[in-house]
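Work out the full structure, taking the sequences as your base and the hints as a guide.
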Amino acid sequence: MSVVGANYSYWITIVLMVGGMYILIARGNLLKKLLGLAVLQSSVYLLYIAPGKLIGGTAPIIAEGYAVYSNPLPHVLILTAIVVGVATLALGLAIVVRIREAYGSIEEEEILARDRADDDEAR
Amino acid sequence: MSLAACLIIPAAGAALIAACGRRPNVREAISLASAAATFALAVLFTPEVLRGERPRAVLGEMLPGLELVLELEPLGLLFALIASGLWFVSAVYSIGYMRGNREENQTRFYACFALAIGSALGVALAGNLLTLYLFYEALTLITWPLVTHHGDDDARRGGRTYLALLLGSSILFLLPALAITWWQAGTLDFRPGGILAGRVSGWEASGLLALYVFGIGKAALMPIHRWLPAAMVAPTPVSALLHAVAVVKAGVFAVLKVVIYVFGLEFARESFAWLPWVAGLTIVAASVVALRSDNLKRRLAYSTVSQLSYVVLAAAILTPLSVAGAALHIAAHAVGKITLFFAAGAIYTAAHKTEVSELDGIGRRMPWTLAAFGVGALSMIGLPPAAGFVSKWFIVSGALEAGQWLALGVITVSTLLNAGYFLPILYRAFFKASQGAGHGEAPATMVAALVATAALTVLMFFFADLPLALARSLR
Amino acid sequence: MLEHLAALIVVVPLVAAPLIVLVRSRRFAWIATTAASYLSLLFSVQLFWRVATLGPVSYAIGSWAPPWGIEYRVDALSSFVLVAVSLTASFVAPYAQRSIAREVARDRQYLMYAMYCLCLSGLLGIAITGDAFNLFVFLEISSLASYVLVALGPRRQSLMAAYQYMLMGTVGATFYVIGVGLLYLMTGTLNLADMAQRLPGVPDVRPVLVALAFITVGIGLKLALFPLHQWLPNAYAYAPSMATAFLAATATKVSVYVLLRFYFGVFDPARLFEHLPTREVFVALSLAAMVAASLVAVFEQDVKRLFAYSSVAQIGYITLGIGVDNQASLTGSIVHLLNHGVTKGAIFLLLGGVALRAGAAAVRLETLAGLGRRMPLTALGLALAGLSLVGVPGTAGFITKWYLVVGALERGWWWVVAAILASSLIALAYVWRVLEAAYLRPPAASAARGEAPAPMLAAGMAMTALCVYFGFETSFSAGGAADAAALLLRGLR
Chain A
1 MSVVGANYSY WITIVLMVGG MYILIARGNL LKKLLGLAVL QSSVYLLYIA PGKLIGGTAP
61 IIAEGYAVYS NPLPHVLILT AIVVGVATLA LGLAIVVRIR EAYGSIEEEE ILARDRADDD
121 EAR
Chain B
124 MSLAACLIIP AAGAALIAAC GRRPNVREAI SLASAAATFA LAVLFTPEVL RGERPRAVLG
184 EMLPGLELVL ELEPLGLLFA LIASGLWFVS AVYSIGYMRG NREENQTRFY ACFALAIGSA
244 LGVALAGNLL TLYLFYEALT LITWPLVTHH GDDDARRGGR TYLALLLGSS ILFLLPALAI
304 TWWQAGTLDF RPGGILAGRV SGWEASGLLA LYVFGIGKAA LMPIHRWLPA AMVAPTPVSA
364 LLHAVAVVKA GVFAVLKVVI YVFGLEFARE SFAWLPWVAG LTIVAASVVA LRSDNLKRRL
424 AYSTVSQLSY VVLAAAILTP LSVAGAALHI AAHAVGKITL FFAAGAIYTA AHKTEVSELD
484 GIGRRMPWTL AAFGVGALSM IGLPPAAGFV SKWFIVSGAL EAGQWLALGV ITVSTLLNAG
544 YFLPILYRAF FKASQGAGHG EAPATMVAAL VATAALTVLM FFFADLPLAL ARSLR
Chain C
599 MLEHLAALIV VVPLVAAPLI VLVRSRRFAW IATTAASYLS LLFSVQLFWR VATLGPVSYA
659 IGSWAPPWGI EYRVDALSSF VLVAVSLTAS FVAPYAQRSI AREVARDRQY LMYAMYCLCL
719 SGLLGIAITG DAFNLFVFLE ISSLASYVLV ALGPRRQSLM AAYQYMLMGT VGATFYVIGV
779 GLLYLMTGTL NLADMAQRLP GVPDVRPVLV ALAFITVGIG LKLALFPLHQ WLPNAYAYAP
839 SMATAFLAAT ATKVSVYVLL RFYFGVFDPA RLFEHLPTRE VFVALSLAAM VAASLVAVFE
899 QDVKRLFAYS SVAQIGYITL GIGVDNQASL TGSIVHLLNH GVTKGAIFLL LGGVALRAGA
959 AAVRLETLAG LGRRMPLTAL GLALAGLSLV GVPGTAGFIT KWYLVVGALE RGWWWVVAAI
1019 LASSLIALAY VWRVLEAAYL RPPAASAARG EAPAPMLAAG MAMTALCVYF GFETSFSAGG
1079 AADAAALLLR GLR
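Protein chains in written order, with our numbering: chain A, 1 to 123; chain B, 124 to 598; chain C, 599 to 1091.
Check each hint, because a few of them may be wrong.
[Unchecked claim] Examples of chain C residues toward chain A, derived with CB under 8 Å:
{"id": "1", "residue": "Phe731"}
{"id": "2", "residue": "Tyr745"}
{"id": "3", "residue": "Val746"}
{"id": "4", "residue": "Ala760"}
{"id": "5", "residue": "Thr768"}
Don't read these hints as lab results, they were simulated from the structure.
Backbone N, C-alpha and C define an ideal beta-carbon position, used for all residues, glycine too.
Put into structure tokens, the structure is as follows:
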């Protein structure tokens, strides 16, 4: 119990990570794959931020009466990572929209089948 | 006057030929001029080399400690003289052949031809193994368009075998041989006495030798000989100059260089026991195949395979006499075999015949051609008054001196076989009743060329001094 | 000015990108792109020269002293990679104008240039930064830009290729950032050099090992380490010509650089190679790539895919050198970053010209029929660059192969030598198919004659010339790589 209790944020991270990967691999719907990717990325945010927080710590502003500070650096890093994640998701969605326009579907199987049909015609 | 000019002239010639593609006369004049200039240059270097000097030119450093070097030593000079001299003759011959047969893409042909000779000269002048390897591969690649000249299915198949065997063997065997030599000896220079002595053990040397002689596929040691018959799809001037002289001689020349300057005759004695067997087997087996081939060019090709192994066998005997014989045989076989191929091309151009069985009585309509063919055949068999006799004499003397009974036996058997596949052709040509319709000799330039090389074959019997002097100064 | 070189090299293309989007003129876009490419080449050559003469350069971004601030650090390895990337860029940029004009819809062309600038900036940033998280940011800048470059391709398959590339690439980057996170948790620093100093003092090794695994797999995805290469063939085959040439020559190479930097500059190479099966893993995967991917290439009909699979095999050469792990083999690896970049760059640039003349998006082997007569220079260039893939002496590929063979011999690994040579033979087989199509098949009656537009042809041929040049004159390529390899073996730490 103590292993789980003391490190529960890591356990959540791992669950999110594995869950994200699972969705990414197992789903054939391009949109759901993107969601899996987003979940995977969120797990990283948690991985960074959770250890930066000290119980009872405050923002790192030197002032009277405060001795315990949280580490601000992970927050800053993850702000950047979130931006990257949002950009990736936006780009992914844009590509999915274009795929839908070009193929009329967002199911991986159907799209690949259509490409194969195209290839056969070309031969 | 730098050695590099020997490479620059053919390269510049090729560029000019490509530039003058629309004017055949100018193009062929350039071809002749660059051949003559290259030969003249080689001749100019001769006295210097005979005095014992070794002109040297460093072209650049390819890798740290590994330079591209040209260095002229007797063996290389001999090869350079043969290649450039016969280039001129076959340039004359090509004009007749290419026009007579209305071949396509003549500009590409002449340009690649010049580049091929340039690469062969690069092999001849190479001052270390890396340089030799560079030009060796360049020679393979630049002759590929010549082999596939006709562009049909036959050419494609032939070209595939050609490239796969030559490039394949050099990548699989020669490159690692070089790397191992570099790793063990720390140098790839050619040095009198070799660079490997004391650095590798006997059986390692034996394995390394195998990598070298099979990696140098152009020496056509069995079983890496199939590319040579495959290359016969090329126009005859290519077969004559490249696949009887430049390319194959680059192979045996490289083998000789490796034996003399990388292993060293003294060191090689310990590890060469198996080489005479492979060479002897190639000599005999290729002669048997030649005996059974009806196609004239194929017969000549297998004869070449067999004759090349004479050189390897002579090198493997490892006495100064036999090595001199090997060097001489490079020259003697070159003039003899080019004559035979020229004759085959002349027969094809004049009579459109390619098979031996079709040649009945042709000697009466093409007396000059067939007489020259006879001289070439004598040289192949090793009878006086032809150059082949001199080189064989040295090889046999060397074998006697070293007590190599295997070599003696092989030479005897193969001489009989050679007679067995050349003399019937002459018999057919001169004594059987003719069957073909009226045709005369091939165009004059072709006849002139083949008579010239036949004369050279005889002259080399009587005046063997120069090649002998060069061959003797090998140490 | 001079002391800010390290920052400028990244900032110039980074600023060019938004400018291009704002101005939206195709002409301005091309001029800005070309200027940024040449400036980055100028800067990187200067940096290379400075590092070679004066030693490593360290630059504190915003004057925040490392390890607290972000440090840009240029040493023998990173300056070599900088030159390799910007050299390719300087050939691709002049090529881009005509190629993009033909392959991309008019209203999207400026985006192509902007993305190219972002990608260039990201790649240069990866090579120059000394900060693990900053490296992630640049990795994603370059990757996101390259997904867009692929997606702008002329066929609808480009979209799917870009999507898959994006999925695998983002997983790779996420894995990388997980690894960095773990390292940060254990050491409390993101500065690579500082991290290397603190790692030996870390009492608990297990998180460090996990970090190693995440970083290896993450970067392995980015550099298309076999069998993590599935995104590569489609991405290269369906991207616009100029994007294929640029990405094939640079993107995977820079990822290799990241791997080298972590293996030799952060983790302890002695422990990494002696106590973990690193050598075995890398040698096995590399040999599999060299043989399997080459074999796939032999049976491929689409020429761009053929050469894409060849890239997977050639990346195998690079990672093989890491697995063999000695001076000669690492020199081979690093010099191949440049040599293969130049070779593949040349091939894809020339193929772009072929596609343009053929008027088809796909270049199949039939498309090449009679190329030797229709486009003699292009065919010659393809032949020469193809021979460089085989590793014929006198081409850049030979130099690499020589170092790898010597490196394997020094280890006494004969079977590795045999595998290198076998893979060269297979390479000969696929290059042969291209040559045979180009020179021995008669051209189709409808096939257009004439070379590609002059700027495209010139760029392709110049790069081909470079791949011959680096086969003879190796004082920069092999010399620079040898210095970098020595630095790695001394320990970047």
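A quick look at each hint next to the structure:
Annotation: phenylalanine 731 of chain C was flagged as interfacial toward chain A, and the flag holds, the nearest CB pair being 5 Å apart, inside 8 Å. At about 6 Å, the closest approach between the beta carbon of tyrosine 745 of chain C and any beta carbon in chain A falls short of 8 Å, and the interface hint on this residue holds. At about 7 Å, the closest approach between the beta carbon of valine 746 of chain C and any beta carbon in chain A falls short of 8 Å, and the interface hint on this residue holds. Below 8 Å, beta-carbon pairs count as interface contacts, and alanine 760 of chain C has one with chain A at about 6 Å; its hint therefore holds.
At its closest, the beta carbon of threonine 768 of chain C sits 5 Å from a beta carbon of chain A; the interface hint therefore holds under the 8 Å criterion.
Of the hints listed earlier, there is not a single one the structure fails to meet.
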